[in-house]
Structures are given as structure tokens and as C-alpha cells.
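Residue numbers (my numbering), protein chains in the order written: chain A, 71 to 613; chain F, 1350 to 1713.
These aren't lab readings, by the way, just hints derived from the structure by calculation. Among these hints, one or two may not hold up.
[Stated by the list, open to error] Sample of chain A residues facing chain F (criterion: CB under 8 Å; computed from the structure): (1) P327; (2) G360; (3) Q364; (4) G370; (5) P388; (6) L397; (7) K566; (8) V586; (9) L592; (10) Q595; (11) A599.
[What the hints assert, rightly or not] Using C-beta positions, here's what the derived DEER-type ranges look like: (12) A/Q598 - F/T1653: 56 to 64 Å; (13) A/G401 - F/R1424: 27 to 35 Å; (14) F/R1713 - A/M579: 37 to 45 Å; (15) A/Q598 - F/E1612: 43 to 51 Å; (16) F/R1713 - A/P382: 46 to 54 Å; (17) F/D1416 - A/G401: 48 to 56 Å.
Every residue, glycine too, gets a C-beta built ideally from N, C-alpha and C.
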Amino acid sequence: MRIPILSIHPIKVLRTPRHFSSKSASRASKNRSLSSARPLPQEEVESDWGTIHDYKQRAMIPYHPARLAPSIQERTSAAQEMTLSYAGTVPIPITSNLQLIQPEDDTPRGIWPVYRLMVSTHRRRPQNALRTLEQDGEIRDPAYDGINQPVLRPDVTTPDDVEDNLDQFRAFLAHAHPYQSDEIQKSGLLRASKYPYVDTNSNNTLLRAHRQIVRLRQMDDILLNAQRQGRISFYLTCRGEEAILMGAASALEVGDPVFAQYREQGVLMWRGFTLEQFTNQCFSNILDLGKGRQMPIHYGSRALNYHTVSSPLGTQLPHAVGAAYRLKLAGEPNVAVCFFGDGSTSTPDFHSALNFAATLNAPAIFLCRNNGYAISTPTSDQFAGDGVISRAPGYGMAGVRVDGNDIFAVHAAVREAKQYALSKNAPVLIEAMTYRQGHHSTSDDSSQYRSVDEVLTTTENHDPLNRLEAFLKKHDLLSEEDVEVMRKQERNDVVKAMEQAERRPPVPMRELFTDVYHDMPLHLQRQQAQLEAHVKKYPEKYA
Amino acid sequence: MKILLHSLRRRSWLTARRPQSHLATASDPAVMSATSAQQQMNMFQAVNDAMKIALETDPTAIVFGEDVAFGGVFRCSQGLQERFGKDRVFNTPISENGIAGFAIGYAATGGTAIGEIQFADYIYPAMDQLVNEMAKFRYRSGNQWQAGGATLRMPAGAVGHGGHYHSQSPEAYLAHTAGLTVVMPSSPKAAKGLLLASIRSKDPVIFLEPKALYRSAVESVPLGDYEVELGKARILREGSDVTLVGWGAQIQRLQKACDLAKEMDGIDCELIDLQTILPWDAKAVEQSVLKTGKLVVSHEAPITCGFGAEVVAELQERCFWALEAPIKRVCGFDTPFPLVFEKYYLPDETRNLEAIREVVRSSR
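Extracted from the complex, chain A is given alone in its bound form (with noise of 0.2 Å):
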């Protein structure tokens, strides 16, 4: 994507802030965002994404992420706001503030800031100084510069037994980090659910999220080296998407229709597609649901509500609109939900589904998992414009633009834009930021198209479950041993479903001819009858 210029000249600077501000007055009052009731002491710019700092000497420096401390000559000089980039050279710059922009508001001149997790107050107080939630769990200012640590609360000292006790957890949150907890809190990860979760045997969501997204990683690793080992045919995997899915489908329920790309596995995951299902229909056994017609990885479940994968790009787009519809004038309390990827809005049908989305009034959340490439395609080649989110005022639907490596951000992203579909009968585009971390399929070697060191750095330095982690294991609700136990586990509950999934049998022949049409017509019969005459005589050919 061209990096815009015109944002760094001095007068359209200056020009800024009074663009922002000319609307503040009715907007502080519009309670849209989830952390916007806070109110803001004097001295901070108010803004519609959170508060920003001084504008004067305004410089987009680009978020490296070796450089969590930033050095002592670059916090002296212009003000500097936290951007974030995972794929691509544009830096984003980042809000606090959850707010889908809609319609009727003022669309941010230049490029959309990304909604992450946290708490944005004046540069000029350091005890209440930019925090971010960062890669190693801390919780950190980022002009700490290693000398001098940040103030925190003296009083400030971690429970013993924090584990599974919201509650308790909550307590914490609130005492030790008062605005990071609102934000945290109120992304909705930490309600309990009302009943247990049947693979963790607890309420508790956020520790569920976890483990699903440990599970996850295993089968992928594991189905992807069976396909290495000639054991299945294909296999693709989400690795560095994990938040995204997860986060999503932990805001949703089993009524909202799925209707998903490819990549989404751990969507179906969490609804509770289990480890037997997903083998079997990537080694295309008896047991597959989709009775063995589809490549690996097209998962279809009616009990689940996920509809069953299809290879072309956004075809499921403009089908997401027509449920949406049927769900509007059915009066069902749900949403139509489809997942796609950067690639897939350069479509037809992505084009076709947010236009009627939009005219129709469907409630339907478009996602979108930028994850800076299609297959080998990077985003600066398969668009222009700021991404995928700023085509939203366009169709004149409402849109947010969300870190896709903070489960917490999703998570609220997704139950905001479903409140908002439901309320207001009214499409929402998400796009959520992340990176791929592995190939596109067993059929790529991304290697050829990128850097090692861009797949390494971003991994290390962005992962989803890394950051889940250790924001886990720093306010003490899981510790690494109970990780370690946790993956062993899951690898061995995969490998187990893998090894019976492979020793099924396979479809029976029969199966080639139903389910074309509703009752098999005569012209099949016909087929299916020479067919078996021709394999009775010729069973060696065909065993």
C-alpha cells in the first residue's frame, strides 16, 4: 500500500486535531464505545479514538518490534504514537477507543486506526502514561527506557490463588491496574459462561479460549506433517489466527450462521467440532460428514451452524447476506457471520454481498482476516486504499478496524458489531490485522515470496497465543507447567483421533451419486448402475 504522505505534512497537521474535535461535543454524549465512559481530565486532547497526543510535531514511527523501550532521544523528540504494522511497511496508528464508525460519522482522514487493547492518557503524566499490553504480558509504558521503571501502585501485590476465580481475578484487575481493567473486563472474554465448558469443565471463557487455541496448534502441527508424511492429501493451517478465530466465536452463539472461508477452523473448534470430526474428514473416511467429497479441510456441520467450505474466494459473501435476511424476517435474535481474507475482497461477490448487505439492511458482520498476503500475493499488490475497512463508509456500513493478534480486541469487536447488526438491522466490516505465520497450504513454500526472518520476527514478537500466554501467566491464571501438561495433552488427544481417523474405512462407492439432487433422478440411476457392473467386473482395478 502507498504510504500516505499527505498525513506528515505540517499544515494538515495542524489542520487535525480541529477536524477531530469539531464533532466531540455530540459524540461525547453518544455512549458507543465501550470505554468511552470514562471522563478525561483537561489537559488531554479529546478525540474520537481515544486521546492523542501533542499534534505539533507529529511523526509516524514505525513500530519495530525489537524496540519495546524506545530510546531516550526518540522519546525527547516529536510525539510518538504507537503504530502497529505486521505485514507491510504502513504503520497503523493505534486506538483505545472501540468505536465502530459508521455512516453518518466523519471517516478518519487517512489510515483507519486499529482498535488494541489499551489505555491511552497523557504523555505528560507518567504514572497514568501510555500502557500497552505487550508481547510478554507486561503491561508497559513505552518511554519506560529501562532505567526508570514505570510507577505503579505501591500497594500493588499479586493473590496466591488467582487460578480460576474470576472474581477474584477481576478484584485484582481493578486494584492494580484501574484502567487497563476496564478495558480488559469489559471486552467480555472474562464473563463466565452459564454452563461449564465440557473440554475444560469450568465457566471460565478466557481460560477456555486458551486451551482451544493450545488444541488448535497441535492439530494443525500434527495434520500438517501428516500431510508431509503422504498420510492426507492437503492440509492448510491458521497459525497466527488463532485470536481472531477464537476471539470471534467466543462473542458468538451456535444460532448465528457461520459461513467461513477456509481458515477457520478454530471457529468450528470452539462451537465443538471435535478432534474425531475434523480427522475424519481429512482422511475422508466412513465417519466424514461431508461423506468424503471434498478436499481436506472443508468442514460443513448443520448442528454447529458452520456451513461447509467451498474453495472458490467470496462466494460465501453474498450468502452470508441472503441468511442474514432470512434471519431479520424471521425475527431470530442472530447474526450471519462470514469469514474471508485480504484476498478475497477483491472479489465480485465481495463487491455484490456489502452492497446488498447494506441496501437490504442484513445484519451481517463481514470479517476479515488481513493477514498481509494471498497465498504470495502481498496487500500493497492486491490493494490501494487504506486496507480493507476503509471501503466500509462506501457502502455506507458501519466498520472497525481491530488488532487481530489481541483475542480481548476481537472478542469485543465482534460482540459490539453483533449488538450493533442486531439493534440497528444493519451490516458491520471488521478487519482485523494479523499475519500469516505459516505457508498458505501444503502447497506453498512461502519462502519463495518472503523473507525467513519477516515469518521468524513476527512470530516471535506477535503471536497471538504468546501474548495470550503471557498475559496468563503474569496475573498468575496459568503457569507454565500447567501449559506444558496442557500441550502434551492436546498432542496426544490429536494423535489418537489421527490414528483411528486413518485406520477407518472409506466412503463406500454408492455415495458418488446421492445427494446431487434431493431424490436421485433416473440419468444417475442409470450411471450408478453401469458404474457397479463395470467395478464387480473389474474388482482388482478398483480395490
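For this one, chain A is given, so just place chain F on it according to the hints.
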């Protein structure tokens, strides 16, 4: 008119489904009781009546497409929005792939979607949705999901002044797609019954309406709720010398050719209207050819790889030894549909008469 009452209970997504048809069907609308109330209708009125009945009997049914709200460019959806409301009868933006995809999603979630493509000539942007999604929806999911509630109707065929883009008959492209049902009526009474059967079919249907017949074809159409069975051809005229197979507006030209053949040469023709192109009633044609020994297939679409080629290939395999003469196809030429040359292009009754004569002359 019997109106099926449906429960107004809110259904969960698991159990929501469209009401199934419990009506007796026939392959020939002439079977409909002569005592039922009838009215002279042309084809667009018959189509309108069918959609009205569908909207009345099925609370999940919706009608949508470009310009359907005011009545449609051919008046097929006249009065429907006033009667059933803007939620159920509405315009969509101009996007055929959107219309097709929307229909699939709506049907997959338990509704009945009756989408309109303004002209069959504009179906091509929707081909990805039709071929890769609609046709394979049930099969690829292992019968967990299905889009049977989707029906896409569109005007097709020559109209006298349509040129390249208002005259096409794309049934051959669609017939090559396993999983689709392709239907083309040839008269108003059949159109109403076939459309109701298509809407209520458990499989997605593409319904091609010969636009030349919208106003010109008038017949007495029963006002009640009736269906014509899909997948069954109808024999319009019995004969012993030659079998003629066609569909859509071509049937009228074939009727004239049969009359001419009888008058001028005393040839007794058997005329078969396929009605459903996919899956097609090969059995009925086979029985007829076994009787007559001679076959002429005629359609407006270009001859190479037109659906006539499929009819011929299948029939030569089944009836080779019963054939007395090579099978002839009388079709459009392999050119885009021309405007000023339409009278040469269309396989009219004269060309068909020549083909009948040729087939009889060369038979042994």
C-alpha cells in the same frame, strides 16, 4: 382456492424449513380438472399468478431482483409488492452474482427465494454462484446443507428485436452443471404449474421463460394451485412418422412445421416438449423414437454443443438400430444472435419442414 395455513411460531434455525407441497402433480396440465375455475391468461400473467400463490402459501417466500418492485420489465411481478410488502418483494442492486448468492444463502437458512435475473443474457456473472455453489451445495456438505428453496427465473429466447443481448437461450451452459434443475415452459398453463413446482422443488431450479410468449401466448389457465411435474416431457401431438423434440418458444414453430408436414406431405409428426432440460426425460423420447424411427431436434440456441447435441447423442446410443435415418438438428447458427438477420437465424417452421422432409426422404 385452498390456502395452506402455517404455524406462526418462531422456529429455531434447526427446524426452520419451507412447507413442502402436498399437491398432486401431472406432467400435462391438460390433466387438470376441466371444472376448476379458469381464466384466459398470457404467460406473464400466469407467472405472476404462480408467484402470488407461492407468496400466499409460503410465508418464507420472497421475490427479488432488478426492478421487480414496480412490477418488473415484463410485468411478471405486478402487484406483488403492494400485496405482500416491501420486506418480501424488493429490488436488489444490479448484481447477478449477488442475486444468485443471496438466493442461496436465504434458501440455505430455511426460506424460499424466488430471484429474478432481468434477462437470461445476464446470467453469466452469476455462473460461479450457480455452478460452484448452488449446484454443489447439497452434495459437498454430505446432505447436511441444501439450497433447494432457491429458484432463479429469467426471460430467455428470441423476441424479434433482441439482438445479441436480449435473445439468448443459455440452457446448454446450465445443463452441463450436475446439481441444477433447468426448466423451460412453452405455454402459460405449463408455465404456472412448472413455476410452482420449481419453487417448491427440493432442489434449486433455473426457470427460463420464453419472453416472446409473455404477451403472445394466451390460453385458459386454472386459477387454483397446481403443479406440473418436473423432469417429465409432454407429448403435444401423437404421430407415427417422425419425432420432433423442442422446448420453449420453439414449440410453436414446431407445431406449425407439423401442420405444414401433414398438409403438404401427409407426414404424421409426434411432437415432444421436453419442459425440463435437466434432468431431461430421455425415456419419453426413446419410446417415441422406437415407434417412429426418425428424429428431429430443434432449438434456438446455437447448434454446436447446444442441448440438442445431448439429445442426439443419448438417443443414438439407445435407439441406433431402430433409427431409419440420421438424426437432424435444426438450430441457430454458430454466431452471436444477430438483430437484422433474425428471420434467417431462427430455426423457423420452413427449415424444420425441410428437415422433416429430409429425414423422411432419407429413411429406409
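Worksheet item: Looking back at the hints listed earlier, which ones does the structure fail to meet?
Response: Hint check: 7, 10, 11, 12, 17 fail, others pass.
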